[in-house]
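S.K.: Place chain L on chain H using the hints.
One-letter residues, chain by chain:
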Amino acid sequence: MPFKYFGKINFTPYTKVDKFADYLHEGKLMGTQCTKCGERYFPPRADCLACMSDSVEWVEYSGEGTLLSFTKIYIAPKGFEDIAPYILGVVDLKEGGRLISWIKDIPDEEIKMDMPVKVVPRIFEEIEEIKLYYTIEKP
Amino acid sequence: MAVNIFSKQVRHLKVGIVGIGHGKFGNRSDATVQELAFEPFKQAIEDTKNLRREDIDALVVGSVPEYHMQRSLPGVVAEYVGMNPQSTWLTEAACGSGSAAIRTAYMAIKSGMHDIVAVIGVQKMRELSTEEILALMGRVGDVQWESIFGTTFPGYYALYANRHMHEFGTTKEQMALVAVKNHHYGSMNPNAFFQKEVSLERVICSDDVAFPVNVLDCCANADGAACVIMTNETLAKKFVDTPIWFTGLGSASAQMSVLRRPNLVEIPSAIEAAKQAYVQSGIKASDIQVAEVHDCFTIAEIMAYENLGFCAKGKGGKFIEEKQSYIGGSTPVNVDGGLKAKGHPVGATGVSMTTEIVKQLRGDAGKRQVSGAEIGLTHNVGGIGQYTFVHILRR
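Quick note, the sequences are listed as chains H and L, same order. Using numbering that gives the first Met the number 0, the first residue of the first sequence is number 0, and each one after it goes up by one. Using numbering that gives the first Met the number 0, the first residue of the second sequence is number 0, and each one after it goes up by one.
Treat the hints with care, as some may be off.
Said to hold, decoys possible - Covered, in the sense of this in silico footprint (three residues per stretch, anywhere, with C-beta under 8 Å from a C-beta of chain L), are these stretches of chain H:
(1) 0-11
(2) 17-24
(3) 67-76
Think of the hints as simulated: they come from the structure by calculation, not from any bench. Please read these numbers as outputs of a predicted model, since none were measured by experiment. Positions of the beta carbon are idealized from the N, C-alpha and C atoms, including for glycine.
The following block holds chain H by itself, in its conformation from the complex (with noise of 0.2 Å):
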């Protein structure tokens, strides 16, 4: 499952950590972890920001975590336009580490900061090509 398939609008389609689309396509929301000294990272990262190994493996998570801000997007950029207005959010992973992605089936004024929410891994069902993504959902 090469990572060109990640995400709505795919601009970096190699990496080496491009496992990560595949394990996402599996429902699995995976990390890295330096293999010398235990850092763990997400999003992934293939090289060692604390001790530069580039030795690492992949760890599962969990998906949940706590909401650490978020914005409602009315003006999208070019590509997004057909989804506007949507939400943003910000979560921090239980495990360390953080991300951003759309908050989903959450009505907006039950949108609370610090709120705890779960990331889901999905897949792009209304278009043909495959699109991988997860969103922020409610635990």
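M.R.: The following block gives chain L in isolation, referenced to the frame of chain H:
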């Protein structure tokens, strides 16, 4: 000039500004990018006593290349303004490109490699549509993990704003007051894109862009150019009676991705760059008498007050509410209208800020003069905080 740089002893000499120029910012569909660059370059030479174009031995261009149809900007600018065959190059640090160019020019002069350097910050953004600009600017976040969800530049600052509101009780009204102030001063600046006052109600009721950021919380994409001419202490007096000296040049970086930042309520590169500039200048934040800060969004100016130490962390909203950033307050900020009223031709902005501080320190700022100002500061942020340049200038 091109003398043997290894024999020169110039490192102990101060570096200062001897000429400034500022073109009209706004929708400049009347001019090409090199024609825009020519306007402030000509003004800056005429602003000096008797500097000739051929005295300038290098041209540094600050710009973000992706906006232009023309590739390799220094080439076309150097030719059009008549700088061939002198050395020329581009610096890029997103919206901090202009200050990055000034930093480069400072290094070139301080090292003795060049004696007199012109810096032109120039940008023509309106060759692209708003949707194209939003897509382009959204990609100043991490494209691998963020832009694929349709992030936008206002969206990133909205994430900061929302968190700042949550942690410190900052309000939409306080953010709107930044716009009210900057448009007030912008109404006195003939080079500004927008020269009209706006009311608090109008800002708050303006269209949603990215909650909690409304359209009048955002600066506008613009075309424009600004120029400064810099040299060392020995040469400066020949060209101007009141050179304005650099006493501190702080510069720092922060993570490209907001996903790896320590928090979403401050710009860490700004805090670090400010610290460097204050230490180099031997002064503290309260010594700054006039400041130009990077108000690409109203929340950005509120964070700048805090990150520069004009007020305590979390008190930025209160600072504008109490009018501390107006002339007469503790630290007047963006009294030329800021990015909000002037417009933000990204590569030109840092140079534009510098020209305003030079005017203020010379006492030439007219109706918006901060009386008796001798120490000024520029704070120029690139991208969503990846780069910040903080320069302190002194009369």
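S.K.: Can you tell me if the segment 67-76 of chain H counts as covered by chain L, using C-beta to C-beta distances under 8 Å and a minimum of three residues?
M.R.: That given contact holds, which follows from 10 residues of the segment 67-76 of chain H lying within Cβ reach (below 8 Å) of chain L.
S.K.: Given that the segment 17-24 of chain H was listed as covered by chain L, double-check it with a C-beta distance under 8 Å for 3 or more residues.
M.R.: violated (count 0)
S.K.: Okay, the segment 0-11 of chain H and chain L, do three or more residues pass the C-beta test at under 8 Å?
M.R.: holds (count 7)
Figure legend: structure checked against the earlier numbered hints; the only hint not met is number 2.
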